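A.B. asks: Sequence:
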Amino acid sequence: MQHGSPAPSPWIVRWSHLVPTGGTVLDVACGSGRHLRWFHARNHPVTGVDRAPDAIESAAIVGEAVRADIEAGPWPFEGRSFAAVVVTNYLWRPLLPTLVASVAPGGVLLYETFAQGNETVGRPARADFLLAPGELLRACADLRVVAYEDGFLEAPGRFVQRIAAVRPPRGQQGPLRLSLAS
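In the working numbering, the protein residues as written are -13 to 168.
Since the hints were derived computationally from the structure, they do not count as laboratory data. Note that the structure is predicted; figures quoted are calculated from it, not measured. Incorrect hints may appear among the rest.
[What the hints assert, rightly or not] Label-pair restraints from in silico Cβ distances: (1) 67 to 110: 26 to 34 Å; (2) 58 to 29: 29 to 37 Å; (3) 61 to 143: 31 to 39 Å; (4) 108 to -7: 14 to 22 Å; (5) 113 to 3: 33 to 41 Å; (6) 120 to 80: 15 to 23 Å; (7) 67 to 131: 16 to 24 Å; (8) 60 to 138: 31 to 39 Å.
Beta carbons: idealized from backbone N, C-alpha and C, even for Gly.
Just need the whole structure built from these sequences, with the hints factored in.
C.D. replies: Laid out in structure tokens, this is it:
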């Protein structure tokens, strides 16, 4: 069984240029590995984590694959940081601080998931799986937000929040210089 779309999220593609060259990318709840394949094709080492055996089998084709229940068990990457942490269509609130902390200096968090309002158009509909207004911004308070959206997307119709946020490099003085064009 494959999870989600085989094509990478347009949001992830749009902001993928923020990932430092050659930096390792962690895809959380990686599913079939659409984002792992995207970054691997751009010469990034990739690591995927998921609890589904089929997801891990798919992820292992392109990089490190870790089978773990990150909601019920320990965080399998304790002490590690990544040039990019990528999360799409997944929300486990207790893990948000860990995900932000896993972004290395100079690295980026690329996150996109469902938001309140989605219960009016489809699944997921439970509040447990829907971000409250501004929730993703608050979770990223220690990062520099490059882009943020909270609203309705067409085709398929859904409410989302999504963010691209970077952790400044160690010892950087002055403003962070980022290219907003991909």
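A.B. asks: Indicate, hint by hint, whether the structure satisfies it.
C.D. replies: Structure-based check of all given hints:
At about 29 Å, the beta-carbon gap between residue 67 and residue 110 stays in the expected band of 26 to 34 Å. Distance hint check: the CB atoms of residue 58 and residue 29 are about 34 Å apart, consistent with the given range 29 to 37 Å. The hint said 31 to 39 Å for the Cβ distance between residue 61 and residue 143, and at roughly 34 Å that hint holds. Taken as a hint, the range 14 to 22 Å holds for the pair residue 108 and residue -7, whose Cβ atoms sit roughly 19 Å apart.
Distance hint check for residue 113 and residue 3: the Cβ-Cβ separation is about 34 Å, which falls inside the suggested range of 33 to 41 Å. Remark: the range hint 15 to 23 Å for residue 120 to residue 80 is upheld by a beta-carbon distance near 18 Å. Between residue 67 and residue 131 the CB atoms are about 19 Å apart, so this pair conforms to the stated range of 16 to 24 Å. Taking the beta carbon of each, residue 60 and residue 138 are about 36 Å apart, inside 31 to 39 Å as hinted.
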